[in-house]
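Asks: Residue numbers (the working numbering), protein chains in the order written: chain H, 1 to 243; chain F, 1 to 103.
Treat each hint with caution, since some may be false.
Said to hold, decoys possible - With a cut-off of at most 30 Å between alpha-carbon atoms, the simulated DSSO-like pairs for lysine-lysine come out as follows:
# : chain 1 : residue 1 : chain 2 : residue 2
1 : H       : Lys140    : F       : Lys36
2 : H       : Lys142    : F       : Lys36
3 : H       : Lys30     : H       : Lys198
4 : F       : Lys36     : H       : Lys30
5 : H       : Lys200    : F       : Lys60
6 : H       : Lys142    : H       : Lys30
7 : H       : Lys142    : F       : Lys60
8 : H       : Lys142    : H       : Lys198
9 : F       : Lys60     : H       : Lys198
To be verified - Covered by chain H, per the in silico footprint, the following chain F stretches (three or more residues, Cβ under 8 Å):
#  : region
10 : 40-48
11 : 66-72
Stated by the list, open to error - Here's a subset of chain H near chain F, in silico, CB distances under 7 Å, partners left out:
#  : residue
12 : Leu84
13 : Thr88
14 : His108
15 : Leu123
16 : Phe183
17 : Phe189
18 : Trp206
19 : Ala210
20 : Ala217
What the hints contain is simulated information worked out from the structure, not anything from laboratory work.
Quick reminder that beta carbons are idealized off the backbone N, C-alpha and C, glycines included.
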Amino acid sequence: MRLTNKPMDNAPHNDEPLSFNLSGVWAGVKQSIPINIGVFTYGLVFGILARQAGLSLTESLLMSGLVFAGASQFTALGLWVAPLPVLTIILTTLLVNLRLLLMGAVLHPWFSRLNFFQRYVSLFFMTDESWALTMSQFAKGKRNAAFLLGSGLTVFVAWTSATGIGRTIGSVLQDPSRLGLDFAFTAVFIALLVGLWKGKADILPWIVAAIVALIAAQWLPGKWYILCGGLAGSLIGALRHAD
Amino acid sequence: MQIDPTVLLTILGMALVTYGTRVGGLWLMDRVTLSKRMEAWLSYIPGTVLIAIIAPEIIKGGPIGALAALATALVAARSGNLLLAMIVGVGLVWSLRTLLGWV
Numbered sequence: 001m002r003l004t005n006k007p008m009d010n011a012p013h014n015d016e017p018l019s020f021n022l023s024g025v026w027a028g029v030k031q032s033i034p035i036n037i038g039v040f041t042y043g044l045v046f047g048i049l050a051r052q053a054g055l056s057l058t059e060s061l062l063m064s065g066l067v068f069a070g071a072s073q074f075t076a077l078g079l080w081v082a083p084l085p086v087l088t089i090i091l092t093t094l095l096v097n098l099r100l101l102l103m104g105a106v107l108h109p110w111f112s113r114l115n116f117f118q119r120y121v122s123l124f125f126m127t128d129e130s131w132a133l134t135m136s137q138f139a140k141g142k143r144n145a146a147f148l149l150g151s152g153l154t155v156f157v158a159w160t161s162a163t164g165i166g167r168t169i170g171s172v173l174q175d176p177s178r179l180g181l182d183f184a185f186t187a188v189f190i191a192l193l194v195g196l197w198k199g200k201a202d203i204l205p206w207i208v209a210a211i212v213a214l215i216a217a218q219w220l221p222g223k224w225y226i227l228c229g230g231l232a233g234s235l236i237g238a239l240r241h242a243d
Numbered sequence: 001m002q003i004d005p006t007v008l009l010t011i012l013g014m015a016l017v018t019y020g021t022r023v024g025g026l027w028l029m030d031r032v033t034l035s036k037r038m039e040a041w042l043s044y045i046p047g048t049v050l051i052a053i054i055a056p057e058i059i060k061g062g063p064i065g066a067l068a069a070l071a072t073a074l075v076a077a078r079s080g081n082l083l084l085a086m087i088v089g090v091g092l093v094w095s096l097r098t099l100l101g102w103v
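Throw the hints in and build the complete structure from the sequences for me.
Replies: Right, dumping it as C-alpha cells:
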C-alpha cells in the first residue's frame, strides 16, 4: 500500500464524485492484511482470557461478533466476576468506546453522502484500525467510501476467528510479545501517521496530543488517554486556525 | 451451545451501546452545521488520535520500542509501504529483544 506525504485537502469538495462499490470493498480488504496480523494476535489473547474468565465458546464468539470492540471486551473480562455486574460492564463499555463517537463524526464529510444502509451497515465495522486506514485513503484523495466496509469486514473475520481459536486451544501462544507481535499495532499506526502528515501546522497539535496522552495514560484507567490526547491536540490545532 | 441468560443480556447491552457510539458521531453531525473553525478541529483529529494511541505504547516499549518506532516511521516515509514498515518494526523489536535477552 502506498502512503504519500504531499499536502492534502482533508474534506472532499461537493463536486467531487464519491463512490461506494465492490472495488472499494476489495481495496479495503487487500490493504488491511498488515493490520490484521495484529488484530489476529490480540484476538487469540482475547479468546484465551475469555476462557480463563469462564466464558463458553459460544459466549466468547457472541461477544466478539456483536460487540466487536477489542479494548472494551478486554475491560469487560476484567470485570467478569460472579454475580455478573451487568450494568457496570455495559456502562464501562460505553465509556471505553466513546472515542468511536468522535471517529464517526470525522467521517461525516464523506459518509453524509451515503444512503441509510451504506452508512449504518458500514459503521458497524468501524474500528480503530479500519477507521485509520479509511482516513488515510481519504487523505490520499481516494473517494470510495466502501473501503471502510471492506477493511472492517476483514478485521471482523480476523477478530472473531482468532477469538474462537484462542478460546479453543487455550494457551498455546502464551506470550506474543516474545515475537514482537505486541508492536504490530504500533508499527501500523506509525506508518499511517506518516501518511497523515500535512506539514508544519501538525507539529504543535501532535506534540500536545502525545504529552496529554502520556499523562492521561498514567492517571486514568482504560483507553481514556486516546480521547484526552486526541481532543487536546486537535483543539490546539483548531485554536491556531484563523476563522 | 452454552449461553447463560445473564451473560447474553450483558453481551447484548455491550453490543447496543457500542453500536450507538459507532453511529452516534455521524448521526449528530447530520443535525448540526459546523463553523470553519470546527471543521478545522475535526480535520486535526485523525492525526492527534493516532498519536494518542501510540505515544504510551512507544514509551512502554522502552529504548527498543523507541528505536523500532523510528525505523518504522523512516521506512514508511521512504517506501510508502505499510506492510514493509510493519515487518521492519516488528522484526526489529523481535531481534533486539532476542539479542539483548528479553528486556
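Asks: So which of those numbered hints doesn't the model satisfy?
Replies: Checked against the structure, the hints that fail are numbers 4, 7 and 13, while the rest are satisfied.
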